[in-house]
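**Q** Residue numbers (numbering that gives the first Met the number 0), protein chains in the order written: chain Y, 0 to 429; chain Z, 0 to 429.
If you're looking for bench data, these hints aren't it; they were derived computationally from the structure. Misleading hints may appear alongside valid ones.
Since copy identity is lost for identical chains, a pair holds within one copy or between any two.
In silico SDA-like pairs for lysine to any residue, Cα to Cα no more than 25 angstroms straight-line [stated by the list, open to error]:
| # | residue 1 | residue 2 |
| --- | --- | --- |
| 1 | Lys80 | Val428 |
| 2 | Lys80 | Leu11 |
| 3 | Lys80 | Ala427 |
| 4 | Lys80 | Ala18 |
| 5 | Lys80 | Pro311 |
| 6 | Lys80 | Gly364 |
| 7 | Lys80 | Cys8 |
| 8 | Lys80 | Leu323 |
| 9 | Lys80 | Arg48 |
| 10 | Lys80 | Gly19 |
| 11 | Lys80 | Val151 |
| 12 | Lys80 | Ala320 |
| 13 | Lys80 | Asn407 |
All of these numbers come straight from a predicted model, not from anything done at the bench.
2 protein chains.
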Amino acid sequence: MMTTTREACERLDLNDPLAGLRELFVLPAGVIYLDGNSLGALPRDAAARVRRVVEDEWGHGLIRSWNTAGWIGLPQRVGDKIARLVGAGAGELVVADATSVNLFKVLNVALDLTRMAGSERNMILTERNNFPTDLYIAESIARARGVELRRVNADAIPAQLDRRVAVLMLTHVNYRDGRTHDMAAINRAAHAAGALVVWDLSHSAGAVPVDLNGSGNEDEAADFAVGCGYKYLNGGPGAPAFVWAHPRHTATMDALHLRQPLSGWLGHAAPFDFAPDYRPANGIARFMCGTAPIVSLAALECGVDTLLAAEPLGGIAALRAKSLALTELFIALVDARCDGRGLVLQTPREQRLRGSQVSYAHAEGAYAIMQALIARGVIGDFRAPDILRFGVAPLYTRFTDIWDAVENLRQVLDNGEWRDARFGRRAAVT
Amino acid sequence: MMTTTREACERLDLNDPLAGLRELFVLPAGVIYLDGNSLGALPRDAAARVRRVVEDEWGHGLIRSWNTAGWIGLPQRVGDKIARLVGAGAGELVVADATSVNLFKVLNVALDLTRMAGSERNMILTERNNFPTDLYIAESIARARGVELRRVNADAIPAQLDRRVAVLMLTHVNYRDGRTHDMAAINRAAHAAGALVVWDLSHSAGAVPVDLNGSGNEDEAADFAVGCGYKYLNGGPGAPAFVWAHPRHTATMDALHLRQPLSGWLGHAAPFDFAPDYRPANGIARFMCGTAPIVSLAALECGVDTLLAAEPLGGIAALRAKSLALTELFIALVDARCDGRGLVLQTPREQRLRGSQVSYAHAEGAYAIMQALIARGVIGDFRAPDILRFGVAPLYTRFTDIWDAVENLRQVLDNGEWRDARFGRRAAVT
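Given only the sequences and the hints, what does the whole structure look like? Please build it.
**A** The structure is reproduced here in structure tokens:
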């Protein structure tokens, strides 16, 4: 049933129209990097760009660079670029703060809008297996505002969309198993039930097609979204995050002068007037708070630019096709070559339900197996309690990388090297 | 009355025991930089450090660098260093997010602690001329929680400390006029009145002595503090900020498992357990939220290190003495050489009331005068509506810089070049 060989993978790489994009990255020799879903690889341009920001713009331009180097407009400029990757329009998305902080803003605003519409809905509905920080933030908001946070299994969500639900909060691609929600269908169902939908795109943006504006269909459009800059957007460790709101909501906020709770000065309509009272900027700019970390933000722009470089080659659709081919290959190779070795596939076999990663559970040794792989230069990651994650970044992952990764996995399982004591100790970050 | 000459200033530089610290910075030729209170200068080590973080740690270490390069501990490590500059202990202060975001956390916690102590105090008291973002954040919290935000003149604060005040929120050094509060006296008065005190150290940390722990005297100690990384700490544009809580408050929070509202995963007791429920980390670590921007944070560490390099030379006390000598000189030179030209000193003449800047109002032409100075390479800044600010960074500002700055100021005023049309147009950031 499985006849693929390494030679066949080499041919796939040779015929891959996106193969040249790998040259946009610096990748260390001897490493197969399958953790771009946790920290994207270094864009080749980022080192020079960061050097310029530090040495020229900061060192020589000093404070003048806020104007002369355009620092002040960077959150919007990079935001407009990210917008192109997630089906949003220019001026609708801005880079700011961390994902968790942005989630705090939009969840509160979604609840405010619900309440202002005269609704007594008092529940945030979410998925039990959502990324923990999303649950933690929602938990705090629910406590502070006296609303209920209900966590249910993913497949129970449609049935739970009743008249108590104010906000449905979901992550588009699940961080553990890589399962993807049908965003348009869920938005439609939620809107039909009178709820707003907040999406976390951390494991989607840059790897999976997202259509926040529902191609103009408001029923299928999302209401709010946040996402991470350092995964598939390749923005570097702790790169700032992004936040989006549907234009109909920012229009309402404009009309009513609504603020988001973290009403810092850079979300003010005229921050450099230093007025004593807060007056929110129009549009998405009101979701900014303090000063963005410019050095990290400049690196993020380089990361986003690597994705825009794929636009002439088919953009996100082409990246998605390659990503699915890569994950399909991974699953097929494990099926064929690692059978009976305790790996249990967590990621859906159905392509439309799959993000850009493949996850396996291994009851006995998930952590140690991943450590053994990393020692061999095959870098994925472990997620407690028993998950091995292999992320696929179609910009720089090759078909031969998948072959080699699975071959290393097979060897680690077969020769039992993962049982070596040195692989058993958990590091600070796993 | 004023006999100082440029030659006398040269002698002051020659005899300045701190003069060598200027070598820790890259400063452009032909520039007199008096805006370190808005963006600190580039530390010489920062360029190489940032290059290492980007090219080696991110590029080659990739995800492994969270452990191998110590990224995961950086917020605490840099926090411990900042603590030494503000009279706090190791483990009490952490780098996180932006100043405004941190203020949101601590104000909410201060109100929570007040309420949990059974108090019905329902007011945040602050100074009318506080930095606007502090007012904006407090305004949002006051609305959301139904407490009153009262803004009074600085000198009215003691009389306003009645039994309605839950939290007194102040900035230690005012951003406009550079006036400094007596932190110990205010803490004592607020505590005697039953209120908690939240301090913003943005214009203090690194330039003005701060004793958050009140040298062990709880009455005189602060309760919470936040501050900025990119001013006197030289952390680079938009460097992350810091947050501190008095150990007695974190002890209470530990005992009662209290959270701050932005309960993101990196403030969790065990973030990499990915547990479904939030359990705050003990101590100050609970004030973290999302992932810190590591590249910007690494630059901040270099900035903080420039201040620690002054420790063998007398540390903050020695820097403070030089700062006062510099601002004293600035004021004396303007008195003597720019008299009758419309400049009105805003900064207190009394040294104990003065931060590390000198501000003047000029009714007609503050913005244009500053633009004319900047065109001459003397960089201070303008604050609406009519303030010229000259910040003094004792690590790298020389006595001759002060002489030359005032000489340029005198010329700009005397020859009327500030009336040139090209200096009249306001830039995005002023």
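**Q** Any hints this thing doesn't respect? Which numbers, in order?
**A** 2, 6, 7, 11, 13
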